[in-house]
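Peer 1: Protein chains in written order, with this note's numbering: chain A, 283 to 602; chain B, 283 to 602.
Careful: at least some of the hints might be erroneous.
[Claimed, not checked] In silico DSS-like links for lysine-lysine, alpha-carbon gap of 30 Å or less:
no.: 1; chain 1: A; residue 1: LYS436; chain 2: A; residue 2: LYS410
no.: 2; chain 1: A; residue 1: LYS301; chain 2: A; residue 2: LYS477
no.: 3; chain 1: A; residue 1: LYS484; chain 2: B; residue 2: LYS578
no.: 4; chain 1: B; residue 1: LYS596; chain 2: A; residue 2: LYS484
no.: 5; chain 1: A; residue 1: LYS484; chain 2: B; residue 2: LYS484
no.: 6; chain 1: B; residue 1: LYS414; chain 2: B; residue 2: LYS425
no.: 7; chain 1: B; residue 1: LYS552; chain 2: A; residue 2: LYS477
no.: 8; chain 1: A; residue 1: LYS588; chain 2: A; residue 2: LYS507
[To be verified] Computed Cβ-Cβ distance ranges for the label pairs, DEER-style:
no.: 9; chain 1: B; residue 1: GLY426; chain 2: A; residue 2: ILE602; range: 52 to 60 Å
no.: 10; chain 1: B; residue 1: ARG297; chain 2: A; residue 2: GLY499; range: 52 to 60 Å
no.: 11; chain 1: A; residue 1: ASP474; chain 2: B; residue 2: GLU504; range: 47 to 55 Å
no.: 12; chain 1: A; residue 1: PRO415; chain 2: B; residue 2: GLU437; range: 50 to 58 Å
Note that these hints are calculated values from the structure, not bench results.
Every residue, glycine too, gets a C-beta built ideally from N, C-alpha and C.
2 protein chains.
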Amino acid sequence: MPKIIECVPNFSEGRDKEKIERIVAPFKNNSAFKMISYEPDADYNRTVVTLIGEAQSIISALYQFIQVAINEIDMNHQKGEHPRIGAVDVIPFIPIQDVTLDECVEYANIVGENIAKSFAIPVFLYAKAAKKPDRVSLPTIRKGEFEGMIDKIKEPEWYPDFGVAKTHPTFGSVAVGARDFLVAYNIDLPTDNEKQTTQIAKAIRQSSGGFQYIQAGPAYLEAQKHMQVTMNILDYVKNPIYRIFEVVRFEARRYQWDVKSAEIVGLVPKMALLDSIKYYRQVEDLPFDKAMDLDKITAFAIHYLKLRDFSKEKIIEAWI
Amino acid sequence: MPKIIECVPNFSEGRDKEKIERIVAPFKNNSAFKMISYEPDADYNRTVVTLIGEAQSIISALYQFIQVAINEIDMNHQKGEHPRIGAVDVIPFIPIQDVTLDECVEYANIVGENIAKSFAIPVFLYAKAAKKPDRVSLPTIRKGEFEGMIDKIKEPEWYPDFGVAKTHPTFGSVAVGARDFLVAYNIDLPTDNEKQTTQIAKAIRQSSGGFQYIQAGPAYLEAQKHMQVTMNILDYVKNPIYRIFEVVRFEARRYQWDVKSAEIVGLVPKMALLDSIKYYRQVEDLPFDKAMDLDKITAFAIHYLKLRDFSKEKIIEAWI
Numbered sequence: 283m284p285k286i287i288e289c290v291p292n293f294s295e296g297r298d299k300e301k302i303e304r305i306v307a308p309f310k311n312n313s314a315f316k317m318i319s320y321e322p323d324a325d326y327n328r329t330v331v332t333l334i335g336e337a338q339s340i341i342s343a344l345y346q347f348i349q350v351a352i353n354e355i356d357m358n359h360q361k362g363e364h365p366r367i368g369a370v371d372v373i374p375f376i377p378i379q380d381v382t383l384d385e386c387v388e389y390a391n392i393v394g395e396n397i398a399k400s401f402a403i404p405v406f407l408y409a410k411a412a413k414k415p416d417r418v419s420l421p422t423i424r425k426g427e428f429e430g431m432i433d434k435i436k437e438p439e440w441y442p443d444f445g446v447a448k449t450h451p452t453f454g455s456v457a458v459g460a461r462d463f464l465v466a467y468n469i470d471l472p473t474d475n476e477k478q479t480t481q482i483a484k485a486i487r488q489s490s491g492g493f494q495y496i497q498a499g500p501a502y503l504e505a506q507k508h509m510q511v512t513m514n515i516l517d518y519v520k521n522p523i524y525r526i527f528e529v530v531r532f533e534a535r536r537y538q539w540d541v542k543s544a545e546i547v548g549l550v551p552k553m554a555l556l557d558s559i560k561y562y563r564q565v566e567d568l569p570f571d572k573a574m575d576l577d578k579i580t581a582f583a584i585h586y587l588k589l590r591d592f593s594k595e596k597i598i599e600a601w602i
Numbered sequence: 283m284p285k286i287i288e289c290v291p292n293f294s295e296g297r298d299k300e301k302i303e304r305i306v307a308p309f310k311n312n313s314a315f316k317m318i319s320y321e322p323d324a325d326y327n328r329t330v331v332t333l334i335g336e337a338q339s340i341i342s343a344l345y346q347f348i349q350v351a352i353n354e355i356d357m358n359h360q361k362g363e364h365p366r367i368g369a370v371d372v373i374p375f376i377p378i379q380d381v382t383l384d385e386c387v388e389y390a391n392i393v394g395e396n397i398a399k400s401f402a403i404p405v406f407l408y409a410k411a412a413k414k415p416d417r418v419s420l421p422t423i424r425k426g427e428f429e430g431m432i433d434k435i436k437e438p439e440w441y442p443d444f445g446v447a448k449t450h451p452t453f454g455s456v457a458v459g460a461r462d463f464l465v466a467y468n469i470d471l472p473t474d475n476e477k478q479t480t481q482i483a484k485a486i487r488q489s490s491g492g493f494q495y496i497q498a499g500p501a502y503l504e505a506q507k508h509m510q511v512t513m514n515i516l517d518y519v520k521n522p523i524y525r526i527f528e529v530v531r532f533e534a535r536r537y538q539w540d541v542k543s544a545e546i547v548g549l550v551p552k553m554a555l556l557d558s559i560k561y562y563r564q565v566e567d568l569p570f571d572k573a574m575d576l577d578k579i580t581a582f583a584i585h586y587l588k589l590r591d592f593s594k595e596k597i598i599e600a601w602i
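Using the sequences and the hints, build the whole thing.
Peer 2: Shown next as structure tokens:
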């Protein structure tokens with residue numbers, strides 16, 4: 283069985299379309315993995331790439347991608363709202379199928395070592411790949427950003443995990459890591475009231491006493507003129523989507539609101555949807571076929587979970 | 283303002299009614315505190331006493347109570363299903379009003395020291411009053427029970443917090459501690475299916491990924507022939523009763539069950555009920571008066587939360 287991972291490199295160019303195309307070119311037309319999306323953000327001046335597929339093929343393409351980024355981006359002239367330490371800022375490896383989180387930590391080590399050796403770019407290992415407690419969280423690593431890292435890296439506690447204590451003059455440095463898969467999930471509310479939306483987010487999020495594997499907060503959607511509870515589900519087995527949806531639904535009722543709709547950002551595993559579909563089929567006392575195909579899963583998920591902008595392509599299993 | 287605490291001493295006699303009356307006599311007819319209940323359990327051979335009121339008056343009465351327990355109970359001849367280390371087994375102090383948990387820790391220290399000095403009974407400080415990590419949890423202290431403690435107390439790591447390493451020949455030893463108030467809350471389900479009831483308990487309890495301040499499990503009620511989700515709510519502000527009730531309700535729907543009823547065991551603060559009543563009044567878009575009296579609170583709580591065996595006397599504020 284091929285080892286299937288997700289990899290979500292972020293690079294520090296979100297405005298120049300032609301440059302962006304050149305930078306992501308190494309990810310195109312590879313039969314062993316797919317580039318599911320690349321989403322530039324002009325304010326952030328940053329692009330998020332989502333790759334899924336066979337691990338070694340993704341890793342090979344990453345080196346070409348780093349080389350193009352070195353050629354295309356000079357961090358001395360890059361400005362944007364998103365904090366960043368390098369032309370490629372962060373590379374996380376995420377286990378998907380027939381691969382463990384520990385193996386993803388290994389990929390981070392291999393890729394980190396090679397980037398340092400081949401390109402003279404210092405590498406920090408983060409998240410589950412971190413070797414020091416203060417490198418688990420990206421914001422701690424990023425503090426001071428590209429400009430500050432020139433001196434920060436000379437402090438003994440910020441000696442890089444690979445490479446030497448000297449940032450690359452135009453690229454900077456890069457964080458490479460491994461983490462578990464998470465579902466990015468948002469629930470749309472028919473309101474612009476941030477305070478009440480925050481109250482609902484607090485009902486479900488771990489940090490306020492809610493569910494163990496939920497991070498959540500309020501967000502206002504400018505274009506659509508309403509609030510949403512935006513969240514990460516860190517364990518979709520222990521905190522299934524339907525349960526979060528139903529709690530938000532009954533919490534919203536105290537303000538006489540119905541949930542408008544909901545969205546999955548990025549990818550979702552088939553099982554996460556099936557678990558929730560099963561709940562609603564049981565409630566309705568209707569048959570549930572766990573072997574249903576992805577089209578059927580898509581239709582049920584849209585119906586029961588009020589998903590908008592959803593299609594089969596958002597299900598991981600559509601790609602592997 | 284008087285410092286109001288709850289104190290729940292447990293003693294090791296649950297069968298001989300006359301003895302029990304003599305042991306609880308020091309708690310009767312005191313104007314500064316009330317003995318809300320004393321509940322003997324014959325199988326356990328143990329009685330749980332619930333006191334509420336002014337701290338110093340409760341503490342004074344505790345010393346008389348210890349003296350009577352010494353006279354009435356010989357642990358060398360006591361047998362029962364509940365593990366125990368002494369004639370009085372455990373004395374927890376719980377903050378209720380105008381008193382902090384730290385002050386309750388102080389009460390535990392004062393009472394512990396006096397019991398050791400006046401009666402030559404060794405004292406272990408537990409829960410928030412514990413001075414060693416392995417004394418936080420009662421089961422660890424109780425391991426070996428009255429009989430085993432005779433030798434266990436001679437081990438250096440089990441030297442008592444007050445007194446010397448020698449159990450009282452007939453009384454044994456006692457655990458004295460402090461903890462936060464908790465709401466003991468059970469939800470009745472129309473089923474005898476333990477597996478499905480456990481699934482519902484797992485949806486809400488912290489240890490399975492659920493709400494942060496909920497401990498829950500399944501229990502079968504012999505007399506009533508149905509299961510319940512039995513739980514402790516360790517923080518009723520962050521995990522309000524209505525939220526737990528509504529989650530159990532929608533989880534039960536997948537089995538086509540309606541929640542039958544629910545119960546509060548022991549006491550509940552007025553605010554815990556008001557918060558939940560407010561939720562349902564808002565959902566129904568009806569007025570909510572936070573200054574309503576205890577009779578009204580009782581009626582609403584029974585109506586909205588389906589409480590059985592509930593009366594005003596279960597509300598803490600009825601006693602202070």
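Peer 1: Now, for every hint given, state plainly whether the structure supports it.
Peer 2: Status of the hints after comparison with the structure:
Straight-line distance between C-alpha atoms of LYS436(A) and LYS410(A) comes to about 24 Å, which keeps the hinted pair within the 30 Å bound. Distance restraint check for LYS301(A) and LYS477(A): the Cα-Cα separation of roughly 41 Å exceeds the 30 Å cut-off, and the hinted pair is therefore not satisfied. The straight-line distance between the Cα atoms of LYS484(A) and LYS578(B) is roughly 29 Å, inside the 30 Å bound, and the hint therefore holds. A hinted pair counts as satisfied when its Cα atoms are at most 30 Å apart, and LYS596(B) with LYS484(A) qualifies at roughly 29 Å.
At roughly 20 Å between alpha-carbon atoms, LYS484(A) and LYS484(B) fall within 30 Å of each other, so this suggested pair holds. For the hint linking LYS414(B) to LYS425(B), the alpha-carbon distance of about 16 Å falls within 30 Å, and the restraint holds. A distance of roughly 25 Å separates the Cα atoms of LYS552(B) and LYS477(A); the hinted pair therefore holds under the 30 Å criterion. Restraint check: the Cα-Cα separation between LYS588(A) and LYS507(A) comes to about 18 Å, which is no more than 30 Å; the hinted pair holds.
Range check, GLY426(B) to ILE602(A): Cβ separation about 55 Å, and the 52 to 60 Å hint holds. Taking 52 to 60 Å as the suggested C-beta distance range, the pair ARG297(B) and GLY499(A) conforms, at roughly 56 Å. A hinted range of 47 to 55 Å holds for the C-beta pair ASP474(A) and GLU504(B), which are about 54 Å apart. For the hinted restraint 50 to 58 Å between PRO415(A) and GLU437(B), the CB-CB distance of approximately 35 Å leaves it violated.
Checked against the numbered hints above, the structure violates hints 2 and 12; every other hint is satisfied.
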